[in-house]
Every structure is written in C-alpha cells, then in structure tokens.
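Protein chains in written order, with my numbering: chain A, 20 to 224; chain B, 20 to 224.
Since the list can't tell identical chains apart, any single copy or any two copies may satisfy a pair.
Below, computed lysine-lysine pairings styled on DSSO-like, alpha-carbon distance capped at 27 Å:
(1) K54 with K123
(2) K25 with K42
(3) K42 with K57
(4) K178 with K150
(5) K123 with K25
(6) K123 with K42
(7) K57 with K25
(8) K42 with K54
(9) K149 with K186
(10) K54 with K149
These are calculated hints, taken from the structure and not from any lab test.
Protein chains: 2
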Amino acid sequence: MEFSSKLLSQAVEEIAQLPGIGKRTALRLALHLLKQPKNQTLALASALEAFRTEIIFCDQCHNLSDLSTCSICANPHRDNGQLCVVEDIRDVMAIENTGQFLGKYHVLNGIISPIDGIGPQDLTIDSLVKKVQSGNIREVIFALSATMEADTTLFYINKQLSACAVKISTIARGVPVGDELEYTDEVTLGRSILKRIPYEDSLSQ
Amino acid sequence: MEFSSKLLSQAVEEIAQLPGIGKRTALRLALHLLKQPKNQTLALASALEAFRTEIIFCDQCHNLSDLSTCSICANPHRDNGQLCVVEDIRDVMAIENTGQFLGKYHVLNGIISPIDGIGPQDLTIDSLVKKVQSGNIREVIFALSATMEADTTLFYINKQLSACAVKISTIARGVPVGDELEYTDEVTLGRSILKRIPYEDSLSQ
Chain A
20 MEFSSKLLSQ AVEEIAQLPG IGKRTALRLA LHLLKQPKNQ TLALASALEA
70 FRTEIIFCDQ CHNLSDLSTC SICANPHRDN GQLCVVEDIR DVMAIENTGQ
120 FLGKYHVLNG IISPIDGIGP QDLTIDSLVK KVQSGNIREV IFALSATMEA
170 DTTLFYINKQ LSACAVKIST IARGVPVGDE LEYTDEVTLG RSILKRIPYE
220 DSLSQ
Chain B
20 MEFSSKLLSQ AVEEIAQLPG IGKRTALRLA LHLLKQPKNQ TLALASALEA
70 FRTEIIFCDQ CHNLSDLSTC SICANPHRDN GQLCVVEDIR DVMAIENTGQ
120 FLGKYHVLNG IISPIDGIGP QDLTIDSLVK KVQSGNIREV IFALSATMEA
170 DTTLFYINKQ LSACAVKIST IARGVPVGDE LEYTDEVTLG RSILKRIPYE
220 DSLSQ
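Just chain A, with the same shape it has in the complex (with noise of 0.2 Å):
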C-alpha cells in the first residue's frame, strides 16, 4: 500500500506491527483517530510510553505492578505457604475474580514456546526454584492452561523442584461447570472420567 504521506505510511506501519492488525485495520485506525479530537491521540501516545518505560515487575511474585511489591504480595492476610503458578497478569486477574485462592502468585511472564524462541531462562523460573528452596512454601499449585506448551512448562519446573519437599499440584481438569455432556470434547469427558472423584468432594464448592 503506498500513501500521499510519510506521517501516514508511518503510523499505519507502526499500528500494523500490532498482532491481529493488518495494514487496512491499521488505516482505518488512524484516520479514525484523524476525527477524533487532538488530545485522544496525544493522550494514546503518553500512555503507550509511560506503560513502557515506566512500567515495573513486583519483586516477589514478578507480576506487574507501579510500586516494587505488588498490593497481593504486600497483603499480611494472604497465605505465604500456598504458592499459585501462572503465565501472566490475566490468570492471577481471572483467579482473583473467583475469590476462591487466598494464597500468593509468582508469575512466570510467558511459557516455554521453542517456535517462539522462548526457553526457561527467559521466564521466572529460577527465581521460583529459590523461593521453594526457602522452606516457607507448602504447596506449589500450577495453574496453566491446558496446551502441549504448558505441559512442557510444568514438567521442566515439576523436574526442578523435585528436590524440594513440596506438595505439587495443578488445578483441576474437567467438565466445565453448567456444561452439556454431548458438547463436551472426547479429551476433557474421557480424562474426566478416568479422574473422577468421589461424590462428597464434588459437593464442596
């Protein structure tokens, strides 16, 4: 695509480096904001900037956070034994929305994803290992989604920790609830039925 104009061809650039936004998306997105008064973009701007520069990990649970310890490690409520381990921001947002877990985070920022040139090192992984190796953590919940390279996470901090005398365990696969039967995969049902539990535990919320 080619523009009467450099400002243009370089904003739609810049937009449609964005994942799931093409070139035409990102034309219709700057001469939308084209319309709109001066200050939303000038203010989109600042905002893209500050969160870039300023932005910072919690120094404990490595989840983002404006101060150097998040408001959920900073709780002298929440349990420091139960350790809940996730890819990112929006699981410990989604499992904070259940209100079911009361314990703390460590975030491990991404998932081991060769195709993305992502391995252990670029994840938080040691800094977990160190703080099981402290003594203080009970139990280690994975709390990943359920892909192959979620899977290869687990079993390559699963292996670290081996060491360490520590309850593992990862939250629980299944039916969803309010669910059909008849439109749940073969996958999910089969391993659900493999797995199932005995009735009084299923009546607990």
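Given the structure of chain A, go ahead and fit chain B onto it with the hints provided.
Structure of chain B alone, referenced to chain A:
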C-alpha cells in the same frame, strides 16, 4: 476489569477507545508490547503523535498530505477538467490502483451521516461548489459507496451544483467483473438489468 497497575490500566483504557478493540484485546496488545523491545512502543507512540499533530490536508483536493499541495494535484499531466469526488484517502488509493482515472480528486473527508452527527458543514462541500463555480471543471464524477448516507450526500451536493453548467456522473453499479449471476444480490442484479448497456459499450475496458 481491575488492574494491579495504573500505568497498565491507563494504556488499556486508551487502546480500548479505538474502534473494534475491546478491553480484553487492548490488554493483549499491551502485554504484547511489553514483550517486544522498548523501541517498538516508543516508535509507535511518536509515529501516532507526529501523524496527528503534523499531518495537513492538501489545499486543493483536501486529501491527507505532507505538503500543502499533494502529489496528484501538483502533477501537470493530470486533467484539471475532470473531478472525482470521494469519501476519503482510501477511495483515492483504490481508484489510483485501477490506473483508469487521469483527472483530479476532491476528498470530502467523510459522508453526511446524521446518526454520527456529521452534517454538510463538516465536509469539504463548500470548497467543491466553489471549485466547480470557478468554471474550469467539465465533469464531476461521484465515486461514493452504495450506502444510504452516500446517496444522501450525493443528493445534497447535486442540488448545490444544479446551477452550474457541469456534467455530473456517478460510477457504474452492476454485477462485479468475474462474479457469477446466481450469487449476485437481487437489488444489484435487478438494477443491472434495468440499466443495461449496449453490447459494444461493454467491450471497451
């Protein structure tokens, strides 16, 4: 959605103001930027800022341009007597790609749309009428989309130009080249039968 970081929250808010981008997508985009080199975000922010503050409109055709007269208007080989009226820069680019039009353009920078609060005074209609009244234009060709808003706009401008001795035409509507009849919608097919053209005319490219 509540975030642990105000910087992240602001960035997501601003990104989510773009059309077609919700908060979840905005968060995904922000987290993507965080994994890319810092320079990419800074380049995006500065390209957006420069685009919005420095871009100007060609003083003749009102197309987006870096100079006060765009390259098409400044081209002495193009026919000053033919004026193609379009909605925005995307239509100029689409028509330029066909290589079939050698006149000049007039960009309305929008379309009359009461539902979006856009009236005739928000477009470059006055400038178009003045240009036609100056007397150098032989033909005004409307290349607008086939929507109700575009028809309203065409009707309005046509009325304004009725006092001028100028030929007014619109681009042909009909069955797209390469399309099969059975898949063409009824309105288009019906109109293309009513507005049938002599066989000889259909042969010329």
